[in-house]
Amino acid sequence: MSETLKVVVDRPDVNVAVLRTDGYINNTGGEEIARQAYTLLGSGVNRLLLDLEKTKIVNSIGISILIEILEKLLDQGGKLAFCRLTPTIEKTFQIMGLAQYARIFPAPEPALAWLRGETE
Amino acid sequence: MTIPVAPEMEIAATAQVSALGEWMEMGRDKIDEVKMAVVEACINAFEHSATPDHKVELAFRVGAEEGGRGPYLEVDVTDAGHGFDPTRLRTPEIAAALRSSRKRGWGIKIIESLMDDVRIESGEHGTRIVMRKYR
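Those sequence lines, one after another, are chains A and B.
Under my numbering, the first sequence is numbered contiguously, ending at residue 120.
Under my numbering, the second sequence is numbered contiguously, ending at residue 255.
This is chain B alone, in the form it adopts within the complex (with noise of 0.2 Å):
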């Protein structure tokens, strides 16, 4: 599915999740931090990608690893804005943002936390986060 930039489109995109995930009989805690882990890769998308075409791709996948973990429900939310370098990503703490004018930038930590598999693809042609929970 494509999103527009624009305010709350990243709600529509959890209704996807929401309807995969009930499907493949994933809990409703895991589906609802499915939910909250695509809303923060679209608010990043939205906010720090400057994306030239103003849209945010995302693509769903369900599927089983055999021998492995088991069925997953695996998204994907693809910009094509100016990227960044995972590696520099700096690791909110609490106590300095009690401190400081600056309290954002949680949103990497929220969807690592919350997810099984996060891979992060960042290049000067956009990014796309692949973002994977087993059921």
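With the rest of the complex left out, here is chain A (with noise of 0.2 Å):
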């Protein structure tokens, strides 16, 4: 059995960054996510949308890595927000508190119009 996730990355703007997943963020899913994420902040980018459309399933192991990547964006005076979340991914987000510091969007386009700063 192999649930390996897929990150696929695109850089709309010098700063501002989205990671699309495919698969499940476990403990190598989220060290993955966490990979990707650290070689966009080492090169100028510290706001990052995270696309899980393709992920329907996480634990908590893989959000304690996105939380830990949360930590670091913050720390650079960044931004994270997520988008395309299935409903139980959402209500965990929430019950874990992680929608109080990063925002969460039905779609891509107002979670980049939000990491631009064109939107509240």
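Treat the hints as calculated values from the structure; they're not laboratory data.
Predicted model only: the values in this text are computed from it and were never measured.
Incorrect hints may have been included.
Said to hold, decoys possible - Quick look at which bits of chain A chain B covers, simulated, 3 or more residues with Cβ under 8 Å:
#	region
1	9 to 16
2	29 to 41
3	50 to 61
4	69 to 78
Even for Gly, the Cβ is constructed at its ideal location relative to N, Cα and C.
The task is to assemble the complex, starting from two chains supplied on their own in separate frames and drawing on the hints.
Written out as structure tokens, the structure is:
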């Protein structure tokens, strides 16, 4: 059985990047997201959108790695947004309080507008 | 069913939840919530129980409370590890997690939030988490 996570990176602006995930966000999936995120942070990105449209399941170990990414972004004055979450993943983020520090959007466009500071 | 303590074996357990949930006409979002809770219970056992037989047992029951809350799906996740005292679990907080190197420990909170009834029986011979979701 393998649920290896795939991550596709897009960089629409110099300081904004989108990570599109496909698969299970567990420890190895979370580490792959972190590896890509930290490479981007090192090259000037401080606003990240995680598009989870193709991720149908996560676990708390994977989410704890997302919290590490959030911590690093906040330390750099950055922002983190999520979009296209399943209802259960969104509910889990709410339970954990992640939504207090990162924004959740139904689609990529309003998320990118918020990351660029075009909307509140 | 019995699953080995091995990476991603928790996903095998979620297939049973999908099949039973669909059979009893539980909504998709509720099925997904049960699957998430089962994943958390399994990885809790994998990570913390130190079960000597390197296995986790799962039992699935479909039932109904007459005159009560109706049909339900119940899942037990049992390990033969060293157990823990559920009354001494610390409830994690996101603000503290953001300032600390400790960012884990969310499993039981997630299970209790996603399921309708949760019972934890734990002692020196192992732990059983019984989780129920009504349709």
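Results for each hint:
| no. | hint | result |
| --- | --- | --- |
| 1 | 9 to 16 | violated (count 0) |
| 2 | 29 to 41 | violated (count 0) |
| 3 | 50 to 61 | holds (count 6) |
| 4 | 69 to 78 | holds (count 3) |
Hint compliance for this structure: hints 1 and 2 are not met, and every other hint is.
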